[in-house]
Amino acid sequence: MLFTSYEFLGFILILFVLYYLIPTKFQWPLLLAASYVFYFLADPFYLIYILTTTVTVYFLGCRIERYREEQSGYLKDHKEELSREEKKAYKSGIKKRQWRLLLLGLLINLGILAVVKYTNFAIANVNFVLHCFGSSREFGLVDLVLPMGISFYTFQALGYIIDVYRGTVKAQKNPFQFALFVSFFPQLVQGPISRYQDLSETLFGGHKFHAETVCFGLERILWGFFKKLVIADRILVGVNTIVRNPEEYGGAYVLAGMLFYALELYADFTGGIDITIGVAQVLGITVTENFNRPYFSKSIKEYWRRWHITMGTWFTDYIFYPISVCKPMLKFSRFAREHFGEAIGKRMPVYLSSFAVWLATGIWHGASWNFVVWGLGNWVVIMISQELEPLYKKFHEWAGRRFGREIGENVLFRCFQVIRTILLMSVLRTFDCYRDVPLTFRMLGSAVRGGNWQIFWDGSLLGLGLDMADYGILAAGLVLLLVVSLLQRSGSVREKIARRPYPVRFMIWYGLFLAVLLMGAYGIGYDASQFIYNQF
Amino acid sequence: MEDLLEILRDLHPEVDFESCETLIDDKILDSFDIVSIIAEVNDQFEVTISAEHIIPENFNSARALYELIQRLEDED
Amino acid sequence: MMQASLSIINFRKDEEKVKRKKIMKAAVTAALVLTSLFLLQCLLVPKYATDVVEGSLIAEYYQEEKDHDVVFIGDCEVYENFSPRVLWEEYGINSYIRGSAQQLIWQSYYLLEDTLRYEKPEVVIFNVLAMQYDRPQKEAYNRMSLEGMKWSGAKVKAIRASMTEREEFLDYVFPILRYHSRWEELKSEDVQYLFDRKKVSHNGYYMRVDVKPAENVPEGNILADYQFGENAYDYLDRMTRLCRENDIQLILIKAPSLYPFWYEEWEQQIEDYAEKNDLLYLNFLEMTEETGIDFSTDTYDGGLHMNLSGAEKLSACLGRILQEDVGLKDRRGEKELSEKWQEKIIAYEAEKERQYKENMG
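Chains as they are written, first to last, in the numbering used here: chain D, 1 to 536; chain H, 1001 to 1076; chain Z, 2001 to 2361.
Hint data in this document are derived by calculation from the structure and do not stem from the laboratory.
Just so it is clear, the structure is predicted and the values come from calculations on it, not from any experiment.
Please note that the accuracy of each hint is not assured.
Derived SDA-like pairs: lysine to any residue, alpha-carbon spacing no greater than 20 Å straight-line [to be verified]: (1) Z:LYS2187 / D:MET468; (2) D:LYS301 / H:LEU1011; (3) Z:LYS2025 / D:PHE513; (4) D:LYS346 / H:GLU1040; (5) H:LYS1027 / D:ILE497; (6) D:LYS88 / H:LEU1011; (7) H:LYS1027 / D:ARG489; (8) Z:LYS2187 / D:ASP467; (9) D:LYS170 / H:PRO1056; (10) Z:LYS2344 / Z:HIS2202; (11) D:LYS327 / H:GLU1040; (12) D:LYS346 / H:ASN1042; (13) Z:LYS2025 / D:LYS301; (14) D:LYS331 / H:ASP1043; (15) D:LYS91 / H:GLU1040; (16) Z:LYS2022 / D:TYR502; (17) H:LYS1027 / D:LYS96; (18) D:LYS87 / H:GLU1075; (19) H:LYS1027 / D:ILE309; (20) Z:LYS2025 / D:PRO503; (21) Z:LYS2025 / D:SER385; (22) D:LYS96 / H:GLU1075; (23) Z:LYS2199 / Z:THR2050; (24) Z:LYS2021 / D:GLU212; (25) Z:LYS2021 / D:ALA211; (26) Z:LYS2025 / D:VAL504; (27) Z:LYS2025 / D:ILE497; (28) D:LYS331 / H:GLU1046; (29) D:LYS393 / H:ASP1030; (30) H:LYS1027 / D:THR313; (31) D:LYS327 / H:SER1019.
Which chain Z residues stay away from chain D? Per the calculated CB distances, all over 10 Å, these [stated by the list, open to error]: (32) LYS2013; (33) ASP2014; (34) GLU2016; (35) TYR2118; (36) GLU2119; (37) PRO2136; (38) LEU2177; (39) ARG2178; (40) TRP2183.
Even glycine gets a Cβ: it sits at the ideal position worked out from N, Cα and C.
Required output: the full structure, derived from the provided sequences and hints.
What follows is the structure, encoded as structure tokens:
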């Protein structure tokens, strides 16, 4: 069920009404039922996967928790008799058992994810290697369905079990509540990846109808539909024309495609997340924000703290830190500092672990070399900017002396930084547009050579499947996005709207609704595209 | 405590670590900084701060971090 | 004591006031939203007034006095090829054509069901070309055949039977969802015919007076399978049954259009079907002598459809059969009906005049 389908609208409408009609203690069971219905309607076969993840992680989590309880009980009972060493030995024994359970959970669930998502990628690569060695043998690709949202709920469940292992959260004893945590339907389509301690706060409690919360939620849903239908799905036509016909559209078109895609991806992804968070909010549930005006970032590093935040922190907390601070890495750190000097040696372990993170991030996004190159491209850019840090500092000092004030405060300079970040990200993202890696490099090369810059003013852009009216709407939409983003800097836009008198509020709501209704790219003639993040 | 402050000042000379209590919340320390700190603490204090200890509460101020180190020393 | 109870009363009054105000606010909002959406929908749906006027045909039926002796159902081979005016003037037969572009057989069937809600004609005439389609075809044609229907069970069933893969039922309920992006193409006719549509047909007949002789009509391509589909047969059966139950004589016809090609194998199947079900079947392709159709003067698009001259010839021939073989009564004596027809004939002549003038100029 796509967010942009009548079925989805009907589904949430019925759910909203039921949710506030029934006694509050039945609300979370209703959500569980709704989530499974949602999943069932997508494909009954998917249920096998999500149930496997739910059951294994639930039981392993409970088991890990039981060891912890056993441990504290045992230590309390035998407080006097045990020596320090004995206590330590006992604890590490428990830890070892917990670790085995955690490992089992990771292996099962990452195994499922790897098999459904990466089998064909692996086979294709093996075939390629065989081919290189002159073998005519070829393995056939397998036909596996990629269950909806598997990357999201798997990561959410794994985050939970790691937290239980670390002791930062207590295991959920109620299997049905746990099942709801894994399957909460607004998040199934494209995230965010919630943490158990965040989502569980509001997921299971009862929620009385609260007009303002519901109103805010509905506003957010409407805003999401605006971004998704009016902007993203409209410009998608232009993006597809460019990237699917690389022979025809080279040079400046590649640049146009990059910029279009930057807008498309932003509107599509943040719009989808707005719908997710809005639906949850109508239900009285708080879902972690996934974006924080990312296109205002002044560096790539900052950008990745503000774009797809829940994924970024997941990778940081569960991959980057564990690798960076594990014993071998600390040893390597000492070794590097001794042999390569303090300055470089200190950074080497960090770079190594962030390499691993970006490799994983790339592969997580999709089973293809394009994403691997994209992920590592991000890594390279971040490393380079880290290495250039001293140079930047010198430049800032020099500029400070030259102009008599800190250049970082200068609006123009900040705009330059923001545009630079957007451009850099757009260049990297071309890897997720074109068919394969060599083609992407060729197209980037052709963009650098340029030559046909006149397309930006001679009307060629009207030949991409977008007419004047489309560009008009896109321009207006872009301005609206910008205005809303700027307004957000001084606090919630919805609260600002709420302070206005009713006729003004009504005009805003109805205007936005009409914009979606009349200018949305939906229905026959518009192939409402799937959310880009749907199957990651 | 003084040793710890020195490690921190080395990273960010411009920050007043003795009074600041929002090192993580205000994004003064990023993930790279945290990893460097842990590596140096590991060297100087001979304690291992593992991934599970990397939570905002432990890194928001120099004091909190110092308390964490003491806790870990005690356990060893 | 007094004061306390007074203040309670006041408080209650205030509360009631707030409540009333809230209800008023909601009511005004709802009225505003619904009215504006309704107006927008009226504005955005195609008016079919000057372009593709075929889209207006189905809806026009409902404005008629429903007392017809003969009702035609089918595609362009009925609404462009028969003139009810001739049937009236020469034989006193009151007829109406419920035709639409590429009307599929289930649409014809449900249009018949729909018609029976209002009247019970003596004869229903169905053009069999639509038997060639067993599955939904094109959304645009669906729209033209279905949108004009008034809401009823028949319409719901017709929509369900007709939807192509990507169509949604809701788009029929609220056409604004289908036509939401038409604001780009709005013309003055969209405002002019906001509520009242322009009348484009003459009892369902779409008149054309221009001439384009039929030359080099292509032979039909060889088909993989000449057997009419199961679904199509099913609806033909249902049509036959519905007519029988209602005591209506069903007549199958094949209009004399040269193209789309009418295959011998198809002809055979219809002949067999008519014989088995004891139906009258008229293939006008084989009746050129009786009809007097001349394809160098009687068609406006090279043999696909009749022009006015062709349609009138064909109607004269059909009328004779209806009077002599079927035995329909001559109703020219009915005063009220005659008067109605008098008016219609004036409009018919005016349209004829207009088109001739336009073609000359």
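Verification of the hints:
no.: 1; hint: Z:LYS2187 / D:MET468; verdict: holds (18 Å)
no.: 2; hint: D:LYS301 / H:LEU1011; verdict: holds (17 Å)
no.: 3; hint: Z:LYS2025 / D:PHE513; verdict: holds (19 Å)
no.: 4; hint: D:LYS346 / H:GLU1040; verdict: holds (9 Å)
no.: 5; hint: H:LYS1027 / D:ILE497; verdict: violated (30 Å)
no.: 6; hint: D:LYS88 / H:LEU1011; verdict: violated (35 Å)
no.: 7; hint: H:LYS1027 / D:ARG489; verdict: holds (17 Å)
no.: 8; hint: Z:LYS2187 / D:ASP467; verdict: holds (18 Å)
no.: 9; hint: D:LYS170 / H:PRO1056; verdict: holds (18 Å)
no.: 10; hint: Z:LYS2344 / Z:HIS2202; verdict: holds (7 Å)
no.: 11; hint: D:LYS327 / H:GLU1040; verdict: holds (13 Å)
no.: 12; hint: D:LYS346 / H:ASN1042; verdict: holds (13 Å)
no.: 13; hint: Z:LYS2025 / D:LYS301; verdict: violated (49 Å)
no.: 14; hint: D:LYS331 / H:ASP1043; verdict: holds (10 Å)
no.: 15; hint: D:LYS91 / H:GLU1040; verdict: violated (27 Å)
no.: 16; hint: Z:LYS2022 / D:TYR502; verdict: holds (11 Å)
no.: 17; hint: H:LYS1027 / D:LYS96; verdict: violated (34 Å)
no.: 18; hint: D:LYS87 / H:GLU1075; verdict: holds (10 Å)
no.: 19; hint: H:LYS1027 / D:ILE309; verdict: holds (14 Å)
no.: 20; hint: Z:LYS2025 / D:PRO503; verdict: holds (10 Å)
no.: 21; hint: Z:LYS2025 / D:SER385; verdict: violated (57 Å)
no.: 22; hint: D:LYS96 / H:GLU1075; verdict: holds (17 Å)
no.: 23; hint: Z:LYS2199 / Z:THR2050; verdict: holds (11 Å)
no.: 24; hint: Z:LYS2021 / D:GLU212; verdict: holds (18 Å)
no.: 25; hint: Z:LYS2021 / D:ALA211; verdict: holds (17 Å)
no.: 26; hint: Z:LYS2025 / D:VAL504; verdict: holds (13 Å)
no.: 27; hint: Z:LYS2025 / D:ILE497; verdict: holds (18 Å)
no.: 28; hint: D:LYS331 / H:GLU1046; verdict: holds (12 Å)
no.: 29; hint: D:LYS393 / H:ASP1030; verdict: holds (18 Å)
no.: 30; hint: H:LYS1027 / D:THR313; verdict: holds (13 Å)
no.: 31; hint: D:LYS327 / H:SER1019; verdict: violated (31 Å)
no.: 32; hint: LYS2013; verdict: holds (22 Å)
no.: 33; hint: ASP2014; verdict: holds (19 Å)
no.: 34; hint: GLU2016; verdict: holds (20 Å)
no.: 35; hint: TYR2118; verdict: holds (31 Å)
no.: 36; hint: GLU2119; verdict: holds (34 Å)
no.: 37; hint: PRO2136; verdict: holds (13 Å)
no.: 38; hint: LEU2177; verdict: violated (6 Å)
no.: 39; hint: ARG2178; verdict: violated (6 Å)
no.: 40; hint: TRP2183; verdict: violated (6 Å)
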